[in-house]
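Peer 1: So the chains spell out like this:
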Amino acid sequence: MTGLRRGPIVLVGAGGIGAPAAMALAAAGVRALRVADDDRVELSNLHRQILFGDADVGQPKLDAFAVALARRFPGTAVELHRGRALPASAPALVAGAAVVIDATDNFASRFLLADACALAGVPVVHAAAVRWSATVMAVAARGRPCYRCLFEDLPGEGAPDCVSAGVAGPVCGVAGALAADRALRLLAGDASASGAVVTFDGLRDALREVAVRARPGCPLCGEPRVVRDLDPRRYTANACHP
Amino acid sequence: MGTTVETTVRIPTPLRTLTGGADEVKGQGATVGAVIEDLEKRHPGVRDRLLDEKGVRRFVNIYVGDEDIRFLEGLGTELKGGEQISIVPAIAGG
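As they're listed, the protein sequences go chains W and C.
Numbering-wise, the working numbering puts 72 at position 72 of the first sequence, and it's gapless, one number per residue.
Basically the working numbering = 1-based index in the second sequence + 1000.
One or more hints might be untrue.
[Stated by the list, open to error] Away from chain C, derived, C-beta distances all over 12 Å, residues of chain W:
| # | residue |
| --- | --- |
| 1 | Val-12 |
| 2 | Ala-55 |
| 3 | His-81 |
| 4 | Pro-87 |
| 5 | Gly-143 |
| 6 | Arg-185 |
| 7 | Ala-196 |
| 8 | Arg-204 |
[As the list claims (entries may be wrong)] Now the in silico label distances, taken between C-beta atoms and shown as ranges:
| # | chain 1 | residue 1 | chain 2 | residue 2 | range |
| --- | --- | --- | --- | --- | --- |
| 9 | C | Gly-1020 | W | Arg-233 | 22 to 30 Å |
| 10 | W | Glu-209 | C | Gly-1045 | 25 to 33 Å |
| 11 | W | Glu-42 | C | Asp-1048 | 27 to 35 Å |
| 12 | W | Glu-209 | C | Asp-1052 | 26 to 34 Å |
[Claimed, not checked] Which stretches of chain C does chain W cover? Using the computed rule of at least three CB atoms under 8 Å from a CB of chain W, they are:
| # | stretch |
| --- | --- |
| 13 | 1007-1015 |
| 14 | 1028-1038 |
Read the hints as simulated data drawn from the structure, not as lab findings.
All residues carry an ideal CB built from backbone N, CA and C; glycine is no exception.
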């Protein structure tokens, strides 16, 4: 894989989206992945977290992830980052990345990664899935529009999250594949990879792309630029893990 | 007597519990806000999922065609009839 940017692809979340994304990237020839997660494999994960099997239940996801990936793709080096993305750890997590894939399971982490990547000048692909829906949005390095142009801030209440809503396994597969696709396109310098949100409706097999416009008052990429650091107070609502 | 303006509203999966599973419904109204009020009559709860006291909830995007209504006239965005309204809510699972 020859890209315009060097460094590992950083995958935040070794779960339902992270697994198919990692497989697609490794199969495409990506030689270095940095993967972050803080969870252990649970039985309820197995329908969508396709790198794991029954024997992995109870194991740290990172360990099981690295073993399973190495078995299929020995040419891809996997650097493990134990722990979830937090304001204190996010800068180091995204530092030097060619591109970051946000495959996290809560809004706080999504906004944190959006901010951390923008501040570091690293491109990011946000991928999410709930029930039968998936959304994917890629943001170029220091690019506009960003995730905060699409969704202004953390939901206070009422938005579907990973605790209240289940997710269909194949929908995660689609989200992971789309995330990998967008990441590779960003690496290849394809400007059309960003600037839109892709939605997948798993009940109708419908894929739709809608343009996102940069918001002049966006606190992350607009003016005045409000987000200039990773103040922990910005990332406290609606997290899956308190 | 005024002309009835009808639009198609695409319903994302998280909201289909309110539309009996329908992924697309018809709405009547000359503005986006009026269409939401019309939907509320037949699908109670829709308005609350989309709007709060300030307007469109910050984790929801509403499009007329391919245009985000925030860059048009918001809930006052006028409709001629035949447009497609799409709703894209923030989701976070993975």
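Peer 1: Of the hints stated earlier, which fail here?
Peer 2: Those not satisfied are hints 1, 7, 8, 9 and 14.
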